[in-house]
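Undergrad: Residues per chain, in single letters:
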Amino acid sequence: AQTVTQSQPEMSVQEAETVTLSCTYDTSENNYYLFWYKQPPSRQMILVIRQEAYKQQNATENRFSVNFQKAAKSFSLKISDSQLGDTAMYFCAFMKHSTGAGSYQLTFGKGTKLSVIP
Amino acid sequence: EAQVTQNPRYLITVTGKKLTVTCSQNMNHEYMSWYRQDPGLGLRQIYYSMNVEVTDKGDVPEGYKVSRKEKRNFPLILESPSPNQTSLYFCASRRGGTYSYNEQFFGPGTRLTVL
Chain Z
197 AQTVTQSQPE MSVQEAETVT LSCTYDTSEN NYYLFWYKQP PSRQMILVIR
247 QEAYKQQNAT ENRFSVNFQK AAKSFSLKIS DSQLGDTAMY FCAFMKHSTG
297 AGSYQLTFGK GTKLSVIP
Chain B
170 EAQVTQNPRY LITVTGKKLT VTCSQNMNHE YMSWYRQDPG LGLRQIYYSM
220 NVEVTDKGDV PEGYKVSRKE KRNFPLILES PSPNQTSLYF CASRRGGTYS
270 YNEQFFGPGT RLTVL
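Heads up: the sequence lines are chains Z and B, in that order.
Residues 197 to 314 (our numbering) are what the first sequence spells out, left to right.
Residues 170 to 284 (our numbering) are what the second sequence spells out, left to right.
Source of the hints: derived by calculation from the structure; they are not laboratory data.
You can take every hint at face value.
Facing chain B, a subset of chain Z residues (Cβ under 8 Å, in silico):
| hint | residue |
| --- | --- |
| 1 | R239 |
| 2 | Q240 |
| 3 | M241 |
| 4 | F287 |
| 5 | Q301 |
| 6 | G305 |
| 7 | K306 |
| 8 | G307 |
For glycine and all other residues, C-beta sits at the position ideal for the given N, C-alpha and C.
Make the full structure from the sequences, and use the hints.
TA: See below:
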């Protein structure tokens, strides 16, 4: 079974600064996908960024980028130029690549609550 | 607008009173699932369905039932709710096939309180 660990329950960052959220995972799979989801106070789950494990290049989406270290099983999220709207709970998630029944299961970490301070 | 809808959004009930939380998606997605979110535990999968009439247990299925009679609907049934089922529930859907990175679309959540 896969496990996802987010070691920082809460973090804060000054507006316009950069912050990095940590995520590590444990799996015996070689092919898989990793995701970061954002959950603002509205509770809606929003996909921020995703990474295919077979790609060496780190994914980027505007101000959001990841540092994917496959050997270390690490998948951190960097938010640049933090904005007040980035205040949210952030979840790291894992999904293995498979055509079998288990391929559709997302395993989530426990989340990191990020506060952006004006 | 492509979306996943859930009803009700908020529900307060009493122990033992059967309830159903509905979930519907308009994207013709094959795959649907239910999660519960609890403080400090993240999201945990309850049940999932790969297509009509195909369902399977997730990580925390005890006390829940599901059905998938139509592609667009995936209701969550609590036959005899208990206080430990007080939680925030999310329904999600995604396109099927072999591409696991297909994005999951989440519903707005249902806040359930069992007294």
